[in-house]
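Chemist: Whenever a hint applies, use it, and build me the whole structure from the sequences.
From first to last, the protein sequence lines are chains A and B.
Just so we're aligned, residue 68 is where the first sequence starts under the numbering used here, counting upward by one.
Just so we're aligned, residue 323 is where the second sequence starts under the numbering used here, counting upward by one.
A few of these clues could be false.
[Stated by the list, open to error] Residues of chain A placed beyond 10 Å of chain B at every Cβ, according to the derived structure:
#: 1; residue: P196
#: 2; residue: P280
#: 3; residue: E682
[What the hints assert, rightly or not] Under 8 Å between C-beta atoms, here's a sample of chain A residues computed to sit facing chain B:
#: 4; residue: P784
#: 5; residue: F787
#: 6; residue: G865
#: 7; residue: Y885
#: 8; residue: P889
#: 9; residue: I890
#: 10; residue: V924
#: 11; residue: R933
#: 12; residue: E954
#: 13; residue: T1005
[Claimed, not checked] Estimated spans, in silico, between C-beta atoms of each pair:
#: 14; chain 1: B; residue 1: F435; chain 2: A; residue 2: T472; range: 27 to 37 Å
#: 15; chain 1: A; residue 1: N156; chain 2: B; residue 2: F409; range: 22 to 32 Å
#: 16; chain 1: A; residue 1: N156; chain 2: B; residue 2: I396; range: 31 to 41 Å
Note that these hints are calculated values from the structure, not bench results.
For every residue, glycine included, the Cβ atom is placed at its ideal position computed from N, Cα and C.
Given next are the chains, with one letter for each unit.
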Amino acid sequence: MKLTYAKTGLLLFLMVFSFLLMPIPSHAASDSSSYIVENLKAEDIPDDDGGGLVLSWKPLPKEKRIIEYRIYRGVNKDTLFYHGKVDVNVKTGVSGDVMYYYDSGYNNFVDLQSPRKLKKEQQQSEDSPLYGSYPRDLKVTGPQLANYQILGVIPEKDFLFKNTKIEVEEEDGSVVYAGLKLRHFSGLYKKLIPGKEYFYTVFAVTESRSYMPYAEPIIGVPIDNSPEKIQNLYSAYVEDQSIMKFEWVRSLFTSDQTNHSLYLLKKSDLTAFNNYIDEQKKAEIDPEFTTTLENPAQLIFQRYCGYPYTPNNTVEVEIVNGKIINDEKHINVEVGAIESYLAVFSLQDRAGYETFSEVSSFDICNSAILPDLSDVWNVADRLNDKGDYNVVQWGKPTVFLTNSTFLNEDKTRILVNYDVYKNTKYDKIKNIFFNVFDMAGNKISTINEFYQDSKLKVNLNEPSQSVKFEMRIVANGSTGEDQIFTQSLVFNDEIKSLQPGKLFLNGKEVNKYSYSVYKNNYSNEEWRLSKKALGSQREIFDNVTYRSYIYKGVSKFDAKKGLFLVSSSFSARLDDELKNPIMTDLYPQEVTKTLDQYKEELANLITMRDTTDSEAEIAGLNANIDAYQSQIDLNENNSILKKAAEFKNKRARIKFLEKVKTIASRSFKYKIVKSDGKAHFSSSDVYRTEKVKKLPFSKAARKSFTTLGIDHFYPMPNWFQADKFPALIATFIFGFMVFFMIKQAKKGKELYIRPIAGIDEIDNAIGRATEMGRPILFVPGLSGISDVATLAGLSILGRVAKKAAEYDTRILVPVRDYIVLPIAQEVVKEAHYEAGRPDSHDKNSVFFITTSQFAFVAGVNGVMIREKTATNFYMGMFWAEALIMTETGNTTGAIQISGTDAVTQIPFFITTCDYTLIGEELYAASAYLAREPLQLGTLKAVDYTKFLIISFVIIGTLLSTVHATFLINAFPEK
Amino acid sequence: MKRQIPLIIIMTLGFMFVAHSFIPHKISADFFDWFQDWVKAISPFAVSLGVISLFMVNGTKISRKVPNWQYSVITLAGLVFTALAGFIWGTQSGTPYMWLFENVQMPMSATMFALLAFYIASAAYKAFRARSAQATVLLLAAIIVMLGQVPLGAMISKWIPETSKWILNVPNLAAKRAIMIGVGLGMTATSLKILLGIERTYLGGGD
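Modeler: What follows is the structure, given as structure tokens:
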């Protein structure tokens, strides 16, 4: 279409006019007060730690075309900061009558993406209390630290090495803090303070992003509640072992839980116990209420359950001589006939609240019904990784059916899919034998899966409602005779196919039980869940991350220096009993100061004890004296702290402590629990090995870790990925061939290269454009520079551009990727210089169109039609747009040569182009055109390597046919 | 020096990345991540090159009043207007930028994509003309595969879906894999040529 001034003006006018048609119905809203949200409420979230409120309001009708609701929060109604938003689908609106927003847990406080200065919220009047989110400006943000619980998550290295010592004068004297810049925090998170008043408001945003008036701010007060009640408690008593076993379903909200407790309750005391619970609930609701009842249940077990890890949910309590005794917890309970007892589980939180489960009766059983955990298991460092995984493996491999499909209408031929769970110890599966039986128990067929492709075909004599499979695995020298798996395929009328039923191993149901792998390191008191696995699984990989963080409460700041202040003390690890943290400080002087304070406090306590007569006071003071004494002993005698004190250089000291922390946090011991989920479980001991692996730590660093390598496993990074060994060999062979063939070519040996029509025609195609006096179009693919096809395309572009320059023919190169653009420009420019025709080079001949796929195609098609290109080259990576371009080129009558390695686009190129370079020919083209020994040698080496690969394919096929799979198994699967 | 320094950088980094694929060690993984961060940081600067190119090419057309120069005005107006809309009102839902994207860019892209259906029909017609023995085989295979994908095929004969599956899974897959092996080797060879400095055309010029 020929454009005139009038037409251009009309087009531009239409563009602007269409923009003005943008739907702005809310602008037309005459009464903005109808956009104010109603029924805004802030209520406490039940069962939480006092850090949560739930906001609710009535959503505006769909006709108001709201796209989001914005929430603002503050500690007084005059200053409310942006807190969050709820997006709404403008077309569907909100379906319910009430909208909810949960302000709970830790959420972002301030980070590097926060605004530099405090800004009034957009579209607000001068007197509006609404502001944007908290800025990085400490003068504004600093005072807000007092209004929330602020948690600083600091990368360990930043905390240890990038801190600034800051002394702050406080009531008790000068206190030292570690000052950190905002950039040293991985995140600063805020949470509501229980019992504090918070103000909230909400407003709606319309489709045209108009901020509607905000609702009158309301007050919310979060309250610390007792923990959430657990759903199920299961209790079993193993009579022949005199052991009580307990298992429960974990609660969802765990943030402030501190203790797991178990109680024994006489059945006769059940009413009294319920009364006690009722009274406790009343006391929780009404702090003025005074409790009078005592818990009639007797504590038999208690342990700390530290957040944020998933704690163990099984407990064993042994009865010895009719008693349950635990001196540490002061438990001494006499147990009578177990039938007369009920079990109760409780969760306690930091505020001292306790929530009891429903009572549970004991299932009195014998150890014979407990799951068998005699499988040999072990823990090892996972191979071929960067040192971030330990592997826990057990048992021999399992095989099971996963699905089946009828292959014919008669339903007498089925494709059965199966899978195998194996582990590193039993990874070489030689055969899997399948015996197939019909409904009557007659053997239909025997299949030997010598190559496990996870599918097998079975011929049935007649359509069957059920087919039984007996399976045996031969692996790593085991014949599998002792492990016979059985599983049936049963016809499912709903999906009209045979579906796998339960899997049995030697007659026992495999997935009735599951494995839970627990782990613990030197830094935590409690065991935590690593992974849960099905009864048929045989290994889990436990992720041991490298990234380590320090979590610190942040309540102070230094606005002048722009620092957030955190406590400078930190724990190196727990002591050997995993009870007391070995605390130290970033600054050596503070360690001495703390020790002196302990000694002074101890002396005061001893004086107080010597001057008091009350026995109760003396007992209390003695407990404190013991605690201080043990801290002093720990500080003076602990090998880590003693070694750290020897360092003169501060950085060397911190480096030593960092190493200790790393070993402590990355070394784990493991145990397995096999359970049916209902307290019938068996628990393993901690895994220990005698083959202690040498670890690359200094003697000083590992001195305090006496069990490291024996029961604590530290994953080590590997320097070579062993499963890529065949790839490395292949690379060397290929590299050798390249060098050899290049040498041959340089010696002058004639290397035969198969003629490729597409490449031979390049010269003719350029000549055609020259004769017709029209330009050449060259598209170097739509991919980026990291794609080898693009590089190959650019190499061909260099050759084509040189020829075009020699013939003085224009070349047009539209580019989609802006990184490819300067490279393509340079290629074309150099080609013109090499051809001795710098004068004919037009710097605008290589140009960027757009990164949008189809817009780029439209642009290229436009160039073809307007410039009437005589020859079109498409060399590189193409997607769905390929056909649109080549068909357009076809209609313009241009000669077209294409080359791509995109298998899906090759058919389209073959159909619409005159010549097509298929796959590897694209990569060969440059060498073919250059005809240099170096290039030809490489090309020849590719041919020989291809021959080698084909040889392997043929040999592998022949060997597999005679059940020899060693060659196939020698190569990694992917 | 103009060639040697880029070549040294390419060869050094290239071999380091080859080594990286065989070394899972943390040092190697960290180096790779660090390098990726740099790539991410550098990429946005290249956007300006694209925009400058667009301005230069279209600006030249407008100033020289070459035939159809008016299209260039619309291109540049569209670029400036969209960019300004994004900078002034942001890119969130409900902004002019997003409106342009949803109501101009997306329908136009969809239109171009929809054209593909007609082009495929046209290409299929060309491909399936039984002008030679090979073309006849191709035509027959295509008919069987197409019929095998629809219920009609199974109604005609139960062998049509089976044959269709066989064509796709055996000869078609074999040919595809052969191409893939060739492509893999070609890519390796090209990469090796680049690493060893044998192939330098992409640096500008031939040898």
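Chemist: Now tell me if each hint is right for this structure.
Modeler: Going down the list of hints, with the structure as the test:
| no. | hint | verdict |
| --- | --- | --- |
| 1 | P196 | holds (23 Å) |
| 2 | P280 | holds (18 Å) |
| 3 | E682 | holds (59 Å) |
| 4 | P784 | holds (4 Å) |
| 5 | F787 | holds (6 Å) |
| 6 | G865 | holds (4 Å) |
| 7 | Y885 | holds (3 Å) |
| 8 | P889 | holds (6 Å) |
| 9 | I890 | holds (6 Å) |
| 10 | V924 | holds (6 Å) |
| 11 | R933 | holds (6 Å) |
| 12 | E954 | holds (4 Å) |
| 13 | T1005 | holds (5 Å) |
| 14 | B:F435 / A:T472: 27 to 37 Å | holds (34 Å) |
| 15 | A:N156 / B:F409: 22 to 32 Å | holds (27 Å) |
| 16 | A:N156 / B:I396: 31 to 41 Å | holds (34 Å) |
The earlier numbered hints are all upheld by this structure, with none contradicted.
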